[in-house]
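J.: These protein sequence lines map, in sequence, to chains A and B.
Quick note: the first sequence uses our numbering, first residue 1, plus one each step.
Quick note: the second sequence uses our numbering, first residue 372, plus one each step.
Just so you know, these hints were derived from the structure itself, not from any lab.
Bear in mind that the values here come from a model prediction, so they are computed numbers and not experimental data.
Incorrect hints may appear among the rest.
[What the hints assert, rightly or not] For lysine to aspartate or glutamate, the following DMTMM-like pairs were computed, each having C-alpha atoms within a straight-line distance of at most 20 Å:
id, chain 1, residue 1, chain 2, residue 2
1, A, K125, A, D79
2, A, K185, A, D196
3, A, K71, A, D28
4, A, K104, B, D424
5, A, K135, B, E432
6, A, K74, B, D424
7, B, K630, B, D390
8, B, K575, A, E56
9, B, K575, A, E18
10, A, K106, B, E567
11, B, K575, A, E119
12, B, K575, A, E178
13, A, K107, A, E77
14, A, K71, B, D424
15, B, K575, A, E288
16, B, K483, B, D424
17, A, K187, A, D79
18, A, K333, A, D309
19, A, K125, A, D59
20, A, K73, B, D562
21, A, K244, A, E178
22, A, K212, A, D161
23, B, K575, A, D97
24, B, K480, A, E18
25, A, K74, A, D97
[Unchecked claim] So the derived list for chain B, only partly shown, Cβ under 8 Å to chain A, looks like this:
id, residue
26, T564
27, E567
28, Q570
29, L572
30, G573
31, K575
32, I583
33, P586
34, L587
35, P590
36, E626
37, T627
38, T631
All C-beta atoms in this analysis are idealised placements derived from N, C-alpha and C, irrespective of residue type, glycine included.
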Amino acid sequence: MQKEIMIQLLDVAKRFGEVEAVKGISLDIFPGEFITFLGPSGCGKTTTLRMIGGFEDPDRGDVLIDGFSVKDKKPYERDVNTVFQSYALFPHMSVFDNVAFGLKMKKIKESELRTRVEEALSLVKMEHYANRLPKQLSGGEQQRVAVARAIVNNPRVLLLDEPLGALDLKLRKQMQVELKHLQKKLKMTFIYVTHDQEEALVMSDRVVVMNKGQVEQIDSPTDVYRYPKSRFVADFIGETNLLKCTVGEEKNGLLFLRHGQTVLQASAELAVGAAVGREGFLSIRPEEIKVYETSPASQKSKADGGSADTIIPASVEEVIFIGSTAKLITRTKTPEAIVLIAHSPLAAGSALVGKTVFLSWSPEQAIFITE
Amino acid sequence: MTQHIKLAPAGTPQAGRFDWGKLFLGLPTIFWFVCLIVVPLVMTLILSFASRDAYGRIIYEWSFQNYIRFMDPLYLQILWRSFYLGLFTVIICLLIGYPLAYFIARSPKNLKPLFLMLVIAPFWINLLIRAYGWMILLRYEGIINIFLRRIGLIEEPLQLMYNDGAVLVGLVYVFLQFMVLPLFATIDKMDWTLLESAQDLGAKPFHTFRHITLPLTLPGIIGGSILTFVPAFGSFIIPRILGGSNSIMIGNIIETQIKTARNWPFASASAVILIVTALLGMLIYVKFSGRSLMGGD
Ligand SMILES: Nc1ncnc2c1ncn2[C@@H]1O[C@H](COP(=O)(O)OP(=O)(O)O)[C@@H](O)[C@H]1O
Ligand SMILES: [Mg+2]
């Protein structure tokens, strides 16, 4: 069954003088979806969002909402609401009047307006603050009011531009969960913008990874993390070991890659477009690398025989504690002396400095990226 | 009974005890304030209750006669004219000044200082010279009349000078910048995302202006109106040059009473009436504009 598309970006592009902020983005967004634009600052996330909201006219391409082009629609004619990064609450109006503003503009009856505003305020747990002015609220409270002011209009789509950017870490984490719950409860389509990869992974149904005005990858959080399609994505999301490689041969579903004289293996199934002789990068997440003090090859049982885990001896150069685990910085004892980062349980960590360990990972965790 | 003794925390000035240090720091300001504002005002007020002899010497006998004399329809009409000319000056300055200030505030950063300088530039030329400039434009054989006759729009020259209209043109021209500058200051510091946010919530441009821009720039409107009204209401050079004897304002009464009639007490009473009227007008205006624009519909 074909899924109904709510918002469609068709090759939209925008330039500001010399700066090409958005270089042609195409994207389908589905009803009830929580989709996040993720990318470093300046990559064009806000500009893309503003083109959906109607605050910027695309230089080319088109934006469709419910199948209709909104090219000629002003922001006040679009059934879309925005939570601005700076909240943009009206300083001369009470919390109640702020939230009621959109309904007043739509000439909603006083009685209905009152119930809807109160409902929206209680959804964000701000019902007791209705008479306050924005300046009498903390950052987190202002943020909630900004959300209430947008959702009270029951828009087809809610746009959120780094709404949690100004909050401290703890409050941010709490609000991430609350916003996600709110979105599920309202079954509203959320288009969210953030440069925080963790935030994107926690909240989204789908993540659009952007770089320099272009889309690098659109996938679920797990897929974006586990199967990055470009070097940029692998590098930007989480931490990874990236090794420059050339494709040697493909055999038994395995890709044999040459990094200097070292031969590494990757799953051929996951490597798209990896023809023999092609250059690319191998990405291995630190937490997927197992660390052994003695060579695991000798311990291998028959049952494991089919798998072809890579095993490389390395010396531990540094151990960094990162909370629940320790991060090992190791240098392989191969001619190339590759620096690899691996995670190890805390207890083992500190004793390992200067020692030789064996690093091991399975081919399914080694992702070959061609670009 | 030691329990009654309360010690104030160190460093906090106790209520009732005078802070001499602060007074000392404020002394120069207080001195100039008293010399330049309080003393002249008090002297004017005292003088307004005195009278004069045939040679213009002041007689210190107190009465309300100067105020009673002012209640003459002749003077009241002049007061009224000053008031409505001041009022129209404010209204026209606001209608011209608001869009102008908005335009400057929205123009690119590097152009703003240039535009502001253009607004202020006429200020560097003497008021008298600027008033004569308007005379060259408006008089019987002036540029406007010559031009209108050239293009055949009129047969006979129009009487453009020596009426309220000419005075109003002059007042607007001279005091426009007092409106534009405070307006620019408030419009420029307004957060533009608030306007986007209003649009986002479905407000058409007019409603955005009515509910967001206008209330947020109200301090500039009030400030600009007061700064324009007060000098316009009390001006005497513009009405004397452009208005002549047909369009006398209260400033002209004060001037003639001092310079020609040598009646300082009556001039003082007129000045007191000018100040009180202006203050009252401003008070009513601030109250009214504050309520009608902020309070809601
Ligand atoms: N109004 C504008 N005028 C000029 N340049 C702009 C404007 N808005 C954005 N840009 C530029 O476009 C690029 C993308 O900006 P933006 O979409 O805000 O990025 P992001 O939200 O991802 O940080 C940046 O280089 C930024 O400087
Ligand atoms: Mg941004």
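J.: Each hint: holds or not?
T.: Evaluation of the provided hints:
Only pairs whose Cα atoms come within 20 Å are accepted, and K125/A paired with D79/A is rejected, the gap being roughly 25 Å. For the hint pairing K185/A with D196/A, the CA-to-CA distance comes to about 24 Å; that exceeds 20 Å, so the pair is violated. With a CA separation close to 17 Å, the supplied pair K71/A and D28/A stays within the 20 Å bound. A threshold of 20 Å between alpha carbons decides the hint, and for K104/A with D424/B the separation of about 69 Å lies outside it, so the pair is violated.
Of the supplied pair hints, the one linking K135/A and E432/B is violated, its CA atoms being roughly 58 Å apart against a limit of 20 Å. At roughly 75 Å between alpha-carbon atoms, K74/A and D424/B are farther apart than 20 Å, so this suggested pair is violated. The straight-line distance between the Cα atoms of K630/B and D390/B is roughly 47 Å, outside the 20 Å bound, and the hint therefore fails. For the suggested pair K575/B and E56/A, the alpha carbons sit about 17 Å apart, so the restraint of at most 20 Å is met.
With a C-alpha separation of about 32 Å, the suggested pairing of K575/B with E18/A is violated against the 20 Å cut-off. For the proposed pair K106/A and E567/B, the alpha carbon gap of about 17 Å is at most 20 Å, so the pair holds. For the hint pairing K575/B with E119/A, the CA-to-CA distance comes to about 26 Å; that exceeds 20 Å, so the pair is violated. At most 20 Å may separate the alpha-carbon atoms for a hinted pair to count; K575/B and E178/A exceed this at roughly 32 Å.
Only pairs whose Cα atoms come within 20 Å are accepted, and K107/A paired with E77/A is accepted, the gap being roughly 14 Å. This hinted pair does not check out: K71/A and D424/B have alpha carbons roughly 82 Å apart, beyond 20 Å. As the CA atoms of K575/B and E288/A are separated by approximately 55 Å, the hinted pair breaks the 20 Å bound. For the suggested pair K483/B and D424/B, the alpha carbons sit about 57 Å apart, so the restraint of at most 20 Å is broken.
About 16 Å separates the Cα atoms of K187/A and D79/A, which keeps this hinted pair within 20 Å; it holds. Pair hint K333/A plus D309/A holds up; C-alpha atoms about 17 Å apart against a cutoff of 20 Å. Of the pairs offered as hints, the one joining K125/A and D59/A is violated, with about 41 Å between alpha carbons and a cut-off of 20 Å exceeded. Proposed proximity of K73/A and D562/B is contradicted: the alpha carbons are some 24 Å apart, above 20 Å.
Straight-line distance between C-alpha atoms of K244/A and E178/A comes to about 41 Å, which puts the hinted pair past the 20 Å bound. Between K212/A and D161/A the CA atoms are separated by roughly 18 Å; this keeps the pair inside 20 Å, and the hint holds. The straight-line distance between the Cα atoms of K575/B and D97/A is roughly 17 Å, inside the 20 Å bound, and the hint therefore holds. At roughly 18 Å between alpha-carbon atoms, K480/B and E18/A fall within 20 Å of each other, so this suggested pair holds.
Of the supplied pair hints, the one linking K74/A and D97/A is violated, its CA atoms being roughly 23 Å apart against a limit of 20 Å. The interface hint given for T564/B is met, as the beta carbon of that residue sits about 4 Å from the closest beta carbon of chain A, less than 8 Å. The interface hint given for E567/B holds, since its Cβ lies 6 Å from the closest Cβ of chain A, which is under the 8 Å cut-off. Taking 8 Å as the C-beta cut-off, the interface hint given for Q570/B holds, the closest approach to chain A being about 4 Å.
The beta carbon of L572/B is positioned within 8 Å of a beta carbon in chain A (closest approach about 4 Å), and the interface hint is therefore held. Contact between G573/B and chain A, as hinted, is supported at the beta carbon level, the nearest pair being about 4 Å apart and thus within 8 Å. Hint status for K575/B relative to chain A: holds, with the closest Cβ pair at about 6 Å, below 8 Å. Restraint check, I583/B versus chain A: the minimum CB separation of about 6 Å is within 8 Å; hint holds.
Interface restraint check: P586/B against chain A, minimum CB-CB distance 5 Å, threshold 8 Å, status holds. For L587/B, the shortest C-beta to C-beta distance to chain A is roughly 6 Å, which falls under 8 Å, so the interface hint holds. For the restraint placing P590/B at the interface with chain A, the shortest Cβ-Cβ distance is roughly 11 Å, beyond the 8 Å limit, so the hint is violated. Proximity of E626/B to chain A is violated relative to the hint, the smallest CB-CB distance being about 44 Å (cut-off 8 Å).
This hint is violated: T627/B has a C-beta 47 Å from the nearest C-beta of chain A, more than the 8 Å allowed. Restraint check, T631/B versus chain A: the minimum CB separation of about 51 Å is more than 8 Å; hint violated.
In terms of the numbered hints stated before, the structure departs from hints 1, 2, 4, 5, 6, 7, 9, 11, 12, 14, 15, 16, 19, 20, 21, 25, 35, 36, 37 and 38, listed from lowest to highest.
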